[in-house]
Amino acid sequence: IEQKAKQSGIDLSKMDEQLPSAKRVEPCSLLTQEEAQKILGVEIERVESSDDRTCLYYAKDGVEKDAEKALEERVRKAGKETGGIEAAVKGILGDVTDNKGAYLVVSVQWDEGRAAVTAFQIALELLAPDLKTPVSGLGDQALIGPMDSMLIFRKAGTAVVIDLRLVPEGRAKGLEIARTIESRLDI
1 IEQKAKQSGI DLSKMDEQLP SAKRVEPCSL LTQEEAQKIL GVEIERVESS DDRTCLYYAK
61 DGVEKDAEKA LEERVRKAGK ETGGIEAAVK GILGDVTDNK GAYLVVSVQW DEGRAAVTAF
121 QIALELLAPD LKTPVSGLGD QALIGPMDSM LIFRKAGTAV VIDLRLVPEG RAKGLEIART
181 IESRLDI
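Taking this note's numbering, the leading residue of the sequence shown gets 1, the next gets one more, and so forth.
Calculated directly from the structure, the hints in this document are not laboratory data. All values reported here derive from a predicted model rather than from experimental measurement. Hints are all accurate, no fakes.
Restraint-style ranges between C-beta atoms, simulated for each label pair: (1) Glu45 - Leu127: 32 to 38 Å; (2) Gly41 - Thr133: 19 to 25 Å; (3) Leu127 - Arg46: 31 to 37 Å; (4) Glu45 - Thr180: 17 to 23 Å; (5) Ser50 - Arg184: 15 to 21 Å; (6) Pro20 - Lys60: 38 to 44 Å; (7) Ala115 - Asp61: 35 to 41 Å; (8) Glu34 - Gly137: 20 to 26 Å.
Straight-line C-alpha distance at most 35 Å; calculated DSBU-like pairs for lysine-lysine: (9) Lys38 - Lys60; (10) Lys38 - Lys173; (11) Lys60 - Lys173; (12) Lys23 - Lys173; (13) Lys23 - Lys38; (14) Lys60 - Lys23.
All C-beta atoms in this analysis are idealised placements derived from N, C-alpha and C, irrespective of residue type, glycine included.
Turn these sequences into a full structure, and let the hints guide you.
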């Protein structure tokens, strides 16, 4: 892993460097129900924290089922276009984050942001090096995973993971969500 990280330009030597973290707040205060609804273009029925770092956004009945069908179609199409590699990665990412039936999931890694982003980078490098997209102008470091299914960004020592698997046009909507959240991280 260390050799692959080095070959990929991932600097593991900074992992021990302490960075300031954002002030902890209730995770759902980083993106309100109204903001999520406006950005996503769907009715968000309810929002709930599952713990001190995760916020779940539930769409009105039926939206999640339609989104799941659309996701299956995108994965099927991607599998044909990429020989199945992208679909496999998307499936692996899907197992990592349990969305508990939510349309959108936002998770905050308050103190170990660098480690979270580095782990995401290494996983993608090992599984599918061509399927990650660095994002400039968002936090100190940001990546979008395969098929715009996941966005992770770091601001100082805090990382935010946005699960976009069920969100059509995940890149554009994910970036807008991320910028909203980033503006509220008090470092």
